[in-house]
Amino acid sequence: MLKIESDKCTACGICETSCAFGAITVQDDVAVVNESCTLCGACVENCPVAALRIEIADKRRQHDIGTYSGIMVFAEYRHGNVAPVSYELLGIGRKLADQRGVKLSAVLPGGKVAPYADTLIAAGADTVFLAEHPMLEHFREDIYAAVLEQVIRDQKPEVVLAGATAIGRSVIPYVATALNAGLTADCTRLEIRKEDGVLLQTRPAFGGNIMATIECPDTRPQMATVRPKVMAPAEPDSSRKGDVFQVQLPEKCVQSKVEVLDSVINTDDRVNIQEVETLVAGGRGLESEKGFALIRELANELGGAVAASRAAVDSGWIPYPHQVGQTGKTVSPKLYIACGISGAVQHAVGMQSAEIVVAINRDCNAPIFNIATYGVVGDLYEVVPRLIKRLQEIKK
Amino acid sequence: MNIFVCIKQVPDAKDVRLDPVTNTLAREGVESIMNPYDRHALEEAVAIKEQLGGKVTVITMGPPQAEAVLREAIACGADEGVLISDRAFAGADTWATSYTLAMAVKTLGAFDLILCGKQAIDGDTAQVGPGLACRLQVPFATCVQKTRKVNDVAIEVERMMDDGFDVLRLPLPALMTVVKDINEPRVASLKGKMRAKKAEIRKFSATEIGADPQCVGLAGSPTQVVRVFSPEPRGDRKIFSGSVIEQVDQLVECLKAHL
Numbered sequence: 581m582l583k584i585e586s587d588k589c590t591a592c593g594i595c596e597t598s599c600a601f602g603a604i605t606v607q608d609d610v611a612v613v614n615e616s617c618t619l620c621g622a623c624v625e626n627c628p629v630a631a632l633r634i635e636i637a638d639k640r641r642q643h644d645i646g647t648y649s650g651i652m653v654f655a656e657y658r659h660g661n662v663a664p665v666s667y668e669l670l671g672i673g674r675k676l677a678d679q680r681g682v683k684l685s686a687v688l689p690g691g692k693v694a695p696y697a698d699t700l701i702a703a704g705a706d707t708v709f710l711a712e713h714p715m716l717e718h719f720r721e722d723i724y725a726a727v728l729e730q731v732i733r734d735q736k737p738e739v740v741l742a743g744a745t746a747i748g749r750s751v752i753p754y755v756a757t758a759l760n761a762g763l764t765a766d767c768t769r770l771e772i773r774k775e776d777g778v779l780l781q782t783r784p785a786f787g788g789n790i791m792a793t794i795e796c797p798d799t800r801p802q803m804a805t806v807r808p809k810v811m812a813p814a815e816p817d818s819s820r821k822g823d824v825f826q827v828q829l830p831e832k833c834v835q836s837k838v839e840v841l842d843s844v845i846n847t848d849d850r851v852n853i854q855e856v857e858t859l860v861a862g863g864r865g866l867e868s869e870k871g872f873a874l875i876r877e878l879a880n881e882l883g884g885a886v887a888a889s890r891a892a893v894d895s896g897w898i899p900y901p902h903q904v905g906q907t908g909k910t911v912s913p914k915l916y917i918a919c920g921i922s923g924a925v926q927h928a929v930g931m932q933s934a935e936i937v938v939a940i941n942r943d944c945n946a947p948i949f950n951i952a953t954y955g956v957v958g959d960l961y962e963v964v965p966r967l968i969k970r971l972q973e974i975k976k
Numbered sequence: 002m003n004i005f006v007c008i009k010q011v012p013d014a015k016d017v018r019l020d021p022v023t024n025t026l027a028r029e030g031v032e033s034i035m036n037p038y039d040r041h042a043l044e045e046a047v048a049i050k051e052q053l054g055g056k057v058t059v060i061t062m063g064p065p066q067a068e069a070v071l072r073e074a075i076a077c078g079a080d081e082g083v084l085i086s087d088r089a090f091a092g093a094d095t096w097a098t099s100y101t102l103a104m105a106v107k108t109l110g111a112f113d114l115i116l117c118g119k120q121a122i123d124g125d126t127a128q129v130g131p132g133l134a135c136r137l138q139v140p141f142a143t144c145v146q147k148t149r150k151v152n153d154v155a156i157e158v159e160r161m162m163d164d165g166f167d168v169l170r171l172p173l174p175a176l177m178t179v180v181k182d183i184n185e186p187r188v189a190s191l192k193g194k195m196r197a198k199k200a201e202i203r204k205f206s207a208t209e210i211g212a213d214p215q216c217v218g219l220a221g222s223p224t225q226v227v228r229v230f231s232p233e234p235r236g237d238r239k240i241f242s243g244s245v246i247e248q249v250d251q252l253v254e255c256l257k258a259h260l
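Going down the list, the protein sequences come from chains A and B.
FYI, in the working numbering the residues of the first sequence are 581 to 976.
FYI, in the working numbering the residues of the second sequence are 2 to 260.
Since the hints were derived computationally from the structure, they do not count as laboratory data.
Incorrect hints may appear among the rest.
[What the hints assert, rightly or not] Taking lysine-lysine pairs in the PhoX-like style, the calculated list, with each CA pair at most 25 Å apart, reads:
(1) B:239 to A:914
(2) A:870 to A:909
(3) A:692 to A:837
(4) B:257 to A:969
(5) B:204 to B:192
(6) A:837 to A:683
(7) A:975 to B:257
(8) B:147 to B:56
(9) A:837 to B:204
(10) A:914 to A:969
(11) A:837 to B:239
(12) B:198 to B:50
(13) A:976 to A:809
(14) A:837 to B:150
(15) A:774 to A:736
(16) A:675 to A:914
(17) A:639 to A:583
(18) A:832 to A:736
(19) B:50 to B:239
(20) A:736 to A:683
(21) B:257 to A:976
(22) A:736 to A:821
(23) B:194 to B:204
(24) B:56 to B:199
(25) A:809 to B:257
(26) B:147 to A:909
(27) A:683 to A:832
(28) B:257 to B:239
(29) B:50 to A:837
(30) B:50 to B:107
(31) B:107 to A:639
(32) B:50 to B:150
(33) B:257 to B:198
(34) A:914 to B:257
(35) A:969 to B:239
Generate coordinates for the entire structure from the input sequences, incorporating the hints supplied.
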C-alpha cells in the first residue's frame, strides 16, 4: 500500500504530476491515493518532503535462499544446432560465476545432444547436464519445462539464464511459475551487486522508451531471459575441462500432451532477424514488392538480412517474420539501414536500440532522422544503388 | 465451446516517455488502449465461437477504469466481461498476475480454451500466458500464427518459431497466446457498441476469487523494480546534405570503421 503521512504532506502536487496512472490527487491540502495506484514508486521518489512510502504488509519470502549456488544456463538445441544465444549466455554466465566464485553449468535437452557437451565446456561451462530422449528432439513446452524444473530443483542454482528466443520465452515463464521464482524477460544487461550478490537485471520496457533494472531479493533461483546478440560469447577454449552428466528422466517427465505434427523451416527466410548484426529494412517508400530486390542486394553486400516496416508487410511485399516494430520483432543489430521508412514510433520502438542507424528517406522531415546516427536525404532508388556500388568498390 | 480471453489495458506506447528532469513516467496525454495483441486473441476467440458455438468471456485484471477495454471487447463480439480489481493487486509482476488470473479462472469455472495476446506492449514480457498455463496445468502454445483446425476435443495450430513454425495438436482444455498474423480483428459494429454500453460487467475482488494475500500484488511478486531510467541517447547524429553521390560518399566514409 502507498502510505501518505498527512502531517508531512505540503500539498505541493509534485506527486500528482509524477503519477503516470492518475492515481494520486491533492484534495483539501493533502495528497490522496485512489484505486489506480500500481505501486510503481514514482511519487515516492519525487516527494520533496518524504511524505510518501510504500509499505508491503506481508511479503512472500523463501526461506532457504542461502542453499542456492551456481549459475545455470539453458542451452537451446533445434534442428541439429545449438542456438548461438546459448554461447552468449555462457559468456555472460562465466563472468557472473567468476564474480560470485561459483560454478557455471549448462542444461541441454534434446534428442541426441551428447556431441555438443564439449563445445559448451569450451565456451565456459564447468558442468553440462545432458537431457537426452527421443521425445526431446522436438521442442514441446510441457516436457521441456518438466526437464528444466527437475534439473533446477536438483541442482539449486542461484541464477538461471535462458535466451529470449521463441523457445526460451515460451518455456521459461512456465518453469519460473512452477518454481515460484522471479523472472525478468529480455534482459540486455546483467550484473552482480557487490554488497549482497544479488543479480541486477536490466531490460527495456515500453518498446525501449524506458529501461528498468529489476532484482529478485527474496526468491531463488533468480531467472532471466537474455536478448540474443547483446552478450558476447567467450572465445572457445578447447583445453577447458568440465564434467558431463546424463540427467535421469523418469517416464512421466517425458510424457507430452502436445503432438508435434510438423516442424517447418522457412527456407526462403531462414535468417532470424533478431540474430544478425546487420539489417537493411524497407518501408512504404519502396512503393512496390520489387523494391525488396534492391533491399536484398544491399543486405547481401553487407552480409546482413532483410527487415521491413509494418506498412511493407501489410502491403504483402514481404512476410511477417521480417517485421520490426511494436507488433513485429524487436531487434538490436550493430547496423540498421532504414530505407523509405518514415520512422513512426511504432517502428522506432522495435529498432532504436540498434548501435548505428542509417536513414535513407526523401522526406527530410521524416521522424526516422531523429533517431538516425546517419541520415541520407534522397530517393532510395538513387541512393541504394550508389551505396551498393561504393561498397563494392571498397571491397576491391 | 467455452472460451476465456485475457486482455489488458495498456498506455499507448507512443506516448510513454520518462521526464528527463524528474525521471518519472510522464503522464501528460497518455491514452489507455486495449493491448494490440489482445485484439487478435479476442478476434480468434469470436471466430472460433462463430464456428462451433459457445461463449466468449473476456477477463482483465486492472484498476476500475480497465472496465473500458472489457466494454470494447464486448462491442467486438465477446459475450461477457469480468473485471478483477483490488487495491491489493497493485504492483503485481507476472508471477502474481498469473496467480490472480488463475484464481479468477477457477472462480469462473470450466473452460475449453484460454486465449491471450503474445505479450502486452507496456511490459513486453510475454510471461503471463505461459505462467497461467502452468497454474491451470493445461497444455499451451505461445505465438500461434494460425488455427488450422478446431473441434470440441482438440485444436491444431501453427506456432511461430525463430526459424519457421511448428504445427501442434493440443487436447482441450488448452491455452494459447497469439501473434498479430493470426487474423484481422473486426471493427465494432453499431449493434455491438449498443450491447457493450448496456452490458453488465462482473467484478471480483481479491477475496471473491479466494486469493492468498501473500501471492497477489507487490507482496506476491518475486521481482522488484529497483531503478527506471531513460536509454542512453544516440551519440553524434549526422544528417548529410548535397547530391546523392556526395551524401553516399560521406556515409561510406562514416561506415568504413564499422564494416
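**Prompt:** When the hints from earlier in the document are held up against this structure, which numbers fail?
**Reply:** 6, 9, 11, 13, 19, 27 and 33
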